[in-house]
Amino acid sequence: MLHIKNLHASIEDNKILKGINLEVRPGEVHAIMGPNGSGKSTLSSVIAGREEYEVTEGSIEFLNEDLLSLSPEERAHAGIFLSFQYPVEIPGVSLTNFIKTSMNETRKAKGLEPYPAKDLLKKMRDCLELLEMDKGFLSRSLNEGFSGGEKKRNEIFQMALLEPKLAILDETDSGLDIDALRIVASGVNKLRSPKNSFVLITHYQRLLNYIEPDYVHVLFNGKIVRSGGKELAHELESKGYDWIKQELAEV
Amino acid sequence: MSVELLADKLSSSFIVFENELNGETKTDLHRIRRESMAHFEKRGFPSIRQEDWKYTSLKPILKHDYKVFHKGDQALDFSDIKKFFIHDIDTYKIVFVNGVYSSWLSETTHQGYDICTFSAALRRHRDVTNQYFSKAADNTSAMVALNTAFAQEGAYIRMSKGMSAVKPVEIIHFTTEEAGSLLNQPRNLIVLEEGSEVQIIERHQSLGSKPVLTNSVSEIFVHANASLELYRVQNDADTASIINHTSIQQHRDSRVRTAVFSLGGKLMRNDLNIAFLGENAEAYLDGLTLLDDGQHADHHTRVDHRVPHCNSFEMYKGIYDGNSKGVFNGQIMVRPHAQKTNAFQQNNNIILGEKASVDTKPQLEIFADDVKCSHGCTVGQLDDEALFYLRSRGIPEHEAKALLLYAIGDEVIGKVRLKELRNRLHKLMAKKLNVDFQMEI
Ligand SMILES: Nc1ncnc2c1ncn2[C@@H]1O[C@H](COP(=O)(O)OP(=O)(O)OP(=O)(O)O)[C@@H](O)[C@H]1O
Ligand SMILES: [Mg+2]
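First to last, the sequence lines map onto chains A and Y. Under my numbering, think of the first position of the first sequence as 1, with each following residue one higher. Under my numbering, think of the first position of the second sequence as 1001, with each following residue one higher.
Simulated from the structure, these hints should not be mistaken for lab results. Where hints are given, some of them may not hold.
[As the list claims (entries may be wrong)] To give an idea of the interface, some chain A residues facing chain Y are shown, with a C-beta separation under 8 Å as derived from the structure:
hint : residue
1    : I90
2    : A109
3    : K223
4    : S227
Keep in mind the model is a prediction, meaning the values are calculated, not measured. We treat Cβ as the ideally placed atom computed from N, Cα and C, and that holds for glycine.
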């Protein structure tokens, strides 16, 4: 589904990603861990199409298509979704209008008619319920004044509505209380199927207790330096990153 | 034609005008006209050498051989011009075609209050016009003086004590292709007696392709505890320009809301002066400017806090695409004894076009010490991060930009207190942004 080969990316002449290789097949859940500043959000931004990052080498294919030649919106239409680490506040654009535009533009791109307003409203209500969000959010400006946890929940709310093929969750678990974590995880698990894949960027094992990953990768200094099964996450949780850094230094 | 030739033409036109006024020339009113003409002749048209006109050159619009007098009531089919009215609700209408009042298209009243023409007021209510005419407008301005010299037609609204207009008033000036290049000089006199209320919508619409210049002056007197809403929709043809001067005097406990939507036209210059003459009055001054290639809008506002305990809130937003140009000059004067004044001013601009520009200048002159005043000017671009967020959710770039711009526009449009006008403005904005949104705001 997603093939990343030898990906190098930089911003304003700073090399951030230095040769990433990653393959995600349909139905798989991958966790990416790694110290602050190692390039995790950069990787997710590059996949989603943020133009500020320059890809200097390598390739990304998504469903056998060259992802790097697509605009951010085309990537979304193709089925990529990024749950942002820091969702931006957009005053004056109500959540309802935003969702409506997002859903209908996505349908338009697929040659479909807009959703009948009633169906869309029902879908929104169902997803709100799933994420135990108050319907008052619908009339509020997008993320404006939302608490940290509410912003994260709102990201998963959008994911549940858009039903992407590949969802990248960039530290969606950070800042969530224990109940919210469980709710968000159940939102993710609801979407899990043999056809949908997830990349979970996280610092903590606790999310992985709820959403069990097939693979765990460690990103360090712009490279994936270690990959393994879910036990790798446990190892990192108890030992930290120092042992990996040491091993790398020895090599 | 040069600027000087046009000025000469106006001088000789004034003599013709005087000759047609038989008997009138001895009146006070005409004395004021004559003095004003002399003042205009002395000053000439404004030039960019004047501080007030530094960023707005009238040269390109003064080069045409405008007709100064217009004859006849040209018949227009209501169905052709219906779209320029807020036609989904009932309104009073004061309609002019090529500067001439059209009784056919208008709906005026004298029941309980007067909503009619300035010329009718000169005939029937000379006491009122004598009391108010040329008492608020800034006659030192050459363009105001020119308007005063020729003042004979426009809207007249006089709300009697305690009366609320049962429906909004629309003032619309049409110009037609057949009339050619016109110089239109409407003069509005609006008086709200104590405790009265009225909502007014004004627009100027050229239906032809010839250059049209409107030099409009409105004098507005809002007496104690009266309430005025004044909305201007400027969405004229690319060949039409407007110079629009408005002076409002507010007495104690009065409330004024003004909003100007500068969406279309070659050149739009709006001078808005508000003076507080009585305590506890408040004024909202709002503006939304959304310009494309070849368009120019200049807003000069002046709020004069002459007495204590008054509030003014000013919010002008601008979005400039193509090579359009915007000017904002906001003067707030707080006189020495005008304590407990609240005066807030905000001017936010988004530059979209590479060749677009805006000059913004707040001018706060505060001579009292116990006041709350603030101002903020910003000039920037659309937020990249917000744009990326929207695009990452499948909203194409053009629509994503429009959504963000729409949100900016709605901050001003949302304050309009007439639902049908709000809807209309939302549609106009979506049309200008070239998107098909059906927003529920
Ligand atoms: N515009 C920029 N200019 C220079 N360096 C940048 C810029 N943007 C990001 N970086 C750097 O790129 C590196 C990777 O950042 P990134 O946000 O991808 O890290 P991360 O792994 O997501 O970290 P965290 O766990 O803290 O979220 C950081 O060192 C950051 O400072
Ligand atoms: Mg990060």
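Against the structure, the hints:
1. I90: holds (5 Å)
2. A109: Since the shortest Cβ distance to chain Y is 7 Å, the answer is holds.
3. K223: Because about 25 Å separates K223(A) from the closest Cβ in chain Y, which is outside the 8 Å limit, the hint is violated.
4. S227: violated (27 Å)
Hints 3 and 4 from the list above are not met by this structure, while the remaining hints are.
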